[in-house]
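Asks: Listed below, chain by chain, are the residues.
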Amino acid sequence: MKRNNLLELGVGIFMLAGILGLVFLGLRVSGLGVGMPNDTITLSANFANIGGLRPQAKVTMSGVRIGEVTDIQLDPKWFDAKVTMQLDSKYDGKLSNDTTAAILTSGLLGEQYIGLTVGGAPDMLHDGDVIHDTQQALVLEELIQQFVSNMSK
Amino acid sequence: MTRYIATLGRATLDTLSTIGRAGLFLIQSIFCLPSREGFHLWLRQMHFVGVMSVAIVLVSGLFIGMVLALQGFTILVSFGADEALGQMVALSLVRELAPVVAALLFAGRAGSALTAEIGLMKATEQLTSMEMIGVDPLRRIVAPRFWAGFISLPILTVLFGVVGIWGGYLVGVDWLGVYKGSYWSNMQDSVDFVDDVLNGVIKSLVFGLVVTWIAVFQGYDLVPTSEGISRATTRTVVYASLAVLGLDFVLTALMFGDLG
Chain A
301 MKRNNLLELG VGIFMLAGIL GLVFLGLRVS GLGVGMPNDT ITLSANFANI GGLRPQAKVT
361 MSGVRIGEVT DIQLDPKWFD AKVTMQLDSK YDGKLSNDTT AAILTSGLLG EQYIGLTVGG
421 APDMLHDGDV IHDTQQALVL EELIQQFVSN MSK
Chain B
274 MTRYIATLGR ATLDTLSTIG RAGLFLIQSI FCLPSREGFH LWLRQMHFVG VMSVAIVLVS
334 GLFIGMVLAL QGFTILVSFG ADEALGQMVA LSLVRELAPV VAALLFAGRA GSALTAEIGL
394 MKATEQLTSM EMIGVDPLRR IVAPRFWAGF ISLPILTVLF GVVGIWGGYL VGVDWLGVYK
454 GSYWSNMQDS VDFVDDVLNG VIKSLVFGLV VTWIAVFQGY DLVPTSEGIS RATTRTVVYA
514 SLAVLGLDFV LTALMFGDLG
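Keeping their order, the protein sequence lines are chains A and B.
So the first sequence is residues 301 to 453, counted in this note's numbering.
So the second sequence is residues 274 to 533, counted in this note's numbering.
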């Protein structure tokens, strides 16, 4: 009987270790739950070129993560990219109307993300508003093209 | 001339009937009514197949994670992108290496033992005597082993991944000096729970099914001599490894083929 208990204990610990491992992979490795609180506001911004931006990319302000990109679509009216992002609801009404959104790259080959910079306008952004002042992603080919065409003049 | 064609025909028929028997065998042993006694038999097999395999899986996971970090670092640092180390280690472990290597180790560690055990039972006519006294050997011998393997392998895979990522952390952060925050944050930005972690677990479920199926069927179906047991054990490891590698490609193509 004693031996059987020991065996059951061993299998129990084994199963528990598996579940804890899965929780670790969920929370620590794939970052579930740490990024987004449930309460969010939605903002959108139109970019001329998003480069390699993907949904779930982070939205930062001064390098601090405050939200994530939820959706990227082509705006059929202006033929540019409409990026929808979710921000923590504590920023509702705190960001000024002339906040700029820029697509930045972390490191030389890193992920692309959105960096927000507040302006000085008295009106504030609320849930569902659009950020008008945007800066498109830096695309290496376009830079080289500009450089070459400037050289040849 | 006709003899050769007849040989080919016989080989085809043999293969087909083996596949058919293996399929029937799988279905008969999966759908066994659970009972209190069956649960204890299953528990015993979980201990043998799962708990006893933890040590080999943890040690190999640790070393594979450490080697990945070391190799990845030397390549990434020449692009100045050593912050992406965590991302590389985690993605390659969670998507590919953990399910595949854990399944290969499992085939060698547990699959061969299952085949030899059931094979010896058959060679010493224990299975036949069970049938004589009215105990279904599929239900008493095969089903607990099958379910134990099917449930153990995903858990072993998860443990492999966790230990591998920790091994990568030891080498990358503690030894080579990648910044700790970027190791974790790059990993969290790029690893998706459903797309990467759960797909890895689904892979290991499939591998668990296939490896245990091959192992118990080879044991149940072997020629009951000492030579037959040794051949069946070899076949288990070879077939199971090939099946894991082949299925891994198919599953990867289905899961990640359209992600771009």
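Check the hints yourself; a few may be wrong.
Here are the computed distance ranges between Cβ atoms for each label pair [what the hints assert, rightly or not]: (1) A/305 with B/347: 47 to 55 Å; (2) B/413 with A/354: 50 to 58 Å; (3) B/347 with A/384: 34 to 42 Å; (4) B/352 with A/308: 45 to 53 Å; (5) A/351 with B/352: 14 to 22 Å; (6) A/355 with B/443: 51 to 59 Å; (7) B/350 with A/433: 18 to 26 Å; (8) A/388 with B/336: 34 to 42 Å; (9) A/351 with B/287: 53 to 61 Å; (10) B/336 with A/447: 43 to 51 Å; (11) B/500 with A/320: 38 to 46 Å.
Examples of chain B residues lying across from chain A (beta carbon under 10 Å, computed) [claimed, not checked]: (12) 310; (13) 363; (14) 522; (15) 524.
Hints were generated in silico from the structure; no laboratory data involved.
Cβ coordinates follow ideal geometry from the N, Cα and C atoms, glycine included.
Asks: Please go over all the hints and tell whether each is borne out by the structure.
Replies: Hint by hint, here is what the structure shows:
1. Between residue 305 of chain A and residue 347 of chain B the Cβ separation comes to about 49 Å, which falls inside the hinted range of 47 to 55 Å.
2. Take residue 413 of chain B and residue 354 of chain A: their Cβ atoms lie about 53 Å apart, and the range 50 to 58 Å holds.
3. Here the CB-CB span from residue 347 of chain B to residue 384 of chain A is close to 40 Å, well matched to the stated 34 to 42 Å.
4. Checked against the hint of 45 to 53 Å, the C-beta distance between residue 352 of chain B and residue 308 of chain A comes to roughly 51 Å, which is consistent with it.
5. In this structure, residue 351 of chain A and residue 352 of chain B meet the distance hint of 14 to 22 Å, their C-beta atoms being roughly 18 Å apart.
6. Remark: the range hint 51 to 59 Å for residue 355 of chain A to residue 443 of chain B is contradicted by a beta-carbon distance near 33 Å.
7. Roughly 37 Å separates the CB atoms of residue 350 of chain B and residue 433 of chain A, a value that falls outside the hinted 18 to 26 Å.
8. Between residue 388 of chain A and residue 336 of chain B the Cβ separation comes to about 41 Å, which falls inside the hinted range of 34 to 42 Å.
9. Take residue 351 of chain A and residue 287 of chain B: their Cβ atoms lie about 58 Å apart, and the range 53 to 61 Å holds.
10. For the pair residue 336 of chain B and residue 447 of chain A, the supplied restraint of 43 to 51 Å holds, since their beta-carbon distance comes to about 47 Å.
11. At about 45 Å, the beta-carbon gap between residue 500 of chain B and residue 320 of chain A stays in the expected band of 38 to 46 Å.
12. Taken as an interface hint, residue 310 of chain B does not check out: its beta carbon lies about 13 Å from the nearest beta carbon of chain A, beyond 10 Å.
13. At about 5 Å, the closest approach between the beta carbon of residue 363 of chain B and any beta carbon in chain A falls short of 10 Å, and the interface hint on this residue holds.
14. Checking residue 522 of chain B against chain A: minimum C-beta separation of about 23 Å lies over 10 Å; hint violated.
15. With a least beta-carbon distance of about 18 Å to chain A, the hint placing residue 524 of chain B at the interface is violated under the 10 Å criterion.
This entry does not satisfy hints 6, 7, 12, 14, 15, going by the numbered hints stated previously.
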